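S.K.: Protein sequence lines correspond, in order, to chains R and F. Be aware that the first sequence starts at 1, since it is given in this note's numbering, and climbs by one per residue. Be aware that the second sequence starts at 1001, since it is given in this note's numbering, and climbs by one per residue.
By construction, these hints were calculated from the structure, which means they are not laboratory data. Please note: incorrect hints may appear among the correct ones.
What the hints assert, rightly or not - 27 angstroms max Cα-Cα, derived DSS-like pairs, lysine-lysine:
{"hint": "1", "chain 1": "F", "residue 1": "1068", "chain 2": "R", "residue 2": "154"}
{"hint": "2", "chain 1": "F", "residue 1": "1016", "chain 2": "R", "residue 2": "154"}
{"hint": "3", "chain 1": "R", "residue 1": "159", "chain 2": "R", "residue 2": "175"}
Note that this is a predicted model, so its numbers are computed, not measured.
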Amino acid sequence: MHQAAIIGVGQSAYTRRPASGQSTHTFIRDAVVAALRDAAIDARDVQGMAVASFSLAPDTAVDLAWKLGLSLRWLLQDTNGGSSAMNMLGHALRGVESGAADIILVIGGDATGLAGYGKIAANYNIATRDHLAPLGHGGPNGVYALVASRQMRKYGLAKSDYGHIAVAQRAWAAKNPFAVYRVPLSMEEYLEAPMVADPLSRYDCVPVVAGAQAIVIARPDRAPRGRAAVCVRAHRTSFNYDNQAGDGLQTGISTFASEFWQSAGVAPRDIDVASVYDDYPSMVLAQLDDLGLIPDHDLARFCRRDIGEARRPINTWGGMLSAGQPGGPAGGLNAISEAVLQLQGRAGERQVANARLAVATGYGMTMYRYGGTAAAAILERGE
Amino acid sequence: MSAGVTVFRCKGCGIKVFPQRLLCPSCHGAEFDAAQVHEGVIEEIAVIRHMIGQENWRPRCIANVRTKDGPMLTVGLRDEAGEGATIELFEEEGAPFGRSKN
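One chain only, chain R, in its complex shape (with noise of 0.2 angstroms):
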């Protein structure tokens, strides 16, 4: 069996309004553009390609590979959101394992604008269109509004509370000349930003942008001359893992987080920086409690001084709630990215110092209730 690593990561400019002329199309062009030029390979050298978009339609990933010039060998189309990425990173990795493709291109990209957003919102699956668009219910923000009103009863959260994660995540996005909000955000800010869904307010919620993202999956002798690639020591996924009948404060992580570690041959402590599905602040808080990063389970005491004393770096990019988020799939990829330019030092201002093993997550699919879909990998810089 072939080894196979990460070996380059590229991306679209992300904007809130595309410019006549800009699609999902032109997004996903520019992040292949810019993934093959890291990753120092020619186009004509990729024999296999993952896409996921929301907005790809009526075209599907043979169309995407023939408008890219791409003759492959191998070739997925995922739909699980914002555990896409991951999902796809697994299949990717075991397509050059197999020796079925050589090097493989993994896409994610969207540009809905915000009416077209809207419309995916409430037509997001048929519980979604017959039983919660029928009653006004906000999109994700309205599932994920109950959702924080229960984690907040639960382990005692304050609103402030949530306000650490966007508060240091904005602190880390004005070193990200990608993400679309740099300015610093005060504390103060975020608790008098306008209500979207009580007790979910503006900084709470993820801005949609337009954007791709793609990673190059190839044998890590196919880095770059003097690059680490990219290894992943673990890699594990969860589908419908509860029917939607628990409360959603536990993901699909936790069905394998016990194996996932152990699988890995390595424990929570030795995770030097995090990227952590970030549609919400409550639900960073709940991956990061099944992946046991918090410890005690005491999410309030883990706000305020691990995050709120940047004692933990999680979601170094900004996360896609000041980056943007340019539909789940490619967020996916922008966190799975972020791990990468972290372990081979190539994070420029926002470089963790001495990174050499990162966890990044994907969660997604809003079935009725909360998020259907997980999945983590352990990556590591190689040698």
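Use these hints to put chain F onto chain R, whose structure you have.
M.R.: Coordinates of chain F only, in the frame set by chain R:
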């Protein structure tokens, strides 16, 4: 509008689910009876003050509701019922709503 919300009771094990499934999540039986739930207790409420992509939006409330012997429902609230209140449930075009009990 019709009184109660239709949930689905597995003929094999009796578990009630909402929305409708293809197989029972507990015993994987394929046959269900329709059943009505008429009331539930509000556990959480969210005020939806903004809807992306829509102008002239009027704030409204949704609630997470625990039904007796039945599934958790997300309902639209039609009055000022608060958390902990028992509400009566009704359907409009297949979607669940609730309001204070008279």
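S.K.: Which earlier hints can't be squared with this structure?
M.R.: none
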